Every structure is written in C-alpha cells, then in structure tokens.
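With the hints as extra help, turn the sequences into a complete structure.
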Amino acid sequence: MLAAFRRDFYQCLTGRADALFELTDAVLCADGPVRSLVDLSLAPEHRRGHGALYDGLNSGRMEVARLRVKLAGLPLVGVNENTFGPGLTGGI
0 MLAAFRRDFY QCLTGRADAL FELTDAVLCA DGPVRSLVDL SLAPEHRRGH
50 GALYDGLNSG RMEVARLRVK LAGLPLVGVN ENTFGPGLTG GI
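The numbering of the sequence shown is numbering that gives the first Met the number 0, which starts it at 0 and goes up by one.
Quick caveat, the hints were computed from the structure, so don't treat them as lab data.
Just so we're clear, the structure is a prediction, and the values are computed from it rather than from any experiment.
Hints are not guaranteed to be accurate.
[Unchecked claim] Cβ pair distances, simulated, as ranges: (1) L75 / G48: 30 to 40 Å; (2) G50 / L75: 10 to 20 Å; (3) G72 / R34: 26 to 36 Å.
Beta carbons are placed, not taken as given, at the ideal position from N, Cα and C, and that holds for glycine.
Structural data, given as structure tokens:
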C-alpha cells in the first residue's frame with residue numbers, strides 16, 4: 000500500500016516532481032526536526048544537488064485537490080486505542 004501511495008503522491012507533483020519527491024523523502028527520513036535546507040540537501044534520500052532543492056521549492060507545483068482525494072481514500076487503522084491514522088504499511 001505504501002508503494003502505491005508513493006506513486007500516487009508523485010503523480011500529484013506537477014512541476015519539478017523529482018526534486019520535490021526527494022525533498023519529501025529527506026524530510027520524512029530526517030532524524031528529528033529539520034533545521035535548515037542545507038541539512039536536507041545533504042541527506043542520503045536527497046540525491047540531487049542543493050540547487051535542485053531550491054529549484055523544487057521555488058518552481059515545484061502540487062495538485063493539492065488530487066492529493067486530498069488520495070489521502071481521503073486511504074483506510075484508517077488504529078495506532079492505539081485513542082488514535083487513528085492512514086493505513087500506510089509496507090516497504091518503499
């Protein structure tokens with residue numbers, strides 16, 4: 000299910016998709032709060048240069064309505080007895 004969501008998420012990125020996708024991976028795989036863009040550009044998940052990171056942020060586009068539909072279609076699973084979240088499981 001996670002692989003399918005990643006594919007759907009990528010399809011929501013309409014401008015500078017590769018750079019934004021890698022930036023998203025870098026943010027999600029960070030070992031804590033992101034303090035600077037420079038740190039993200041050095042993360043292993045961000046395989047492009049720091050220029051691509053800034054280009055993605057400045058020129059990248061996302062179809063937010065399309066992403067909203069994809070997120071709304073995910074099943075909810077219980078994280079614990081009081082919390083539910085999207086059922087994204089499986090390998091990348």
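How the hints compare with the structure:
1. Here the CB-CB span from L75 to G48 is close to 39 Å, well matched to the stated 30 to 40 Å.
2. Between G50 and L75, the C-beta spacing of about 39 Å breaks the proposed range 10 to 20 Å.
3. About 34 Å separates the C-beta atoms of G72 and R34, a value consistent with the hinted range of 26 to 36 Å.
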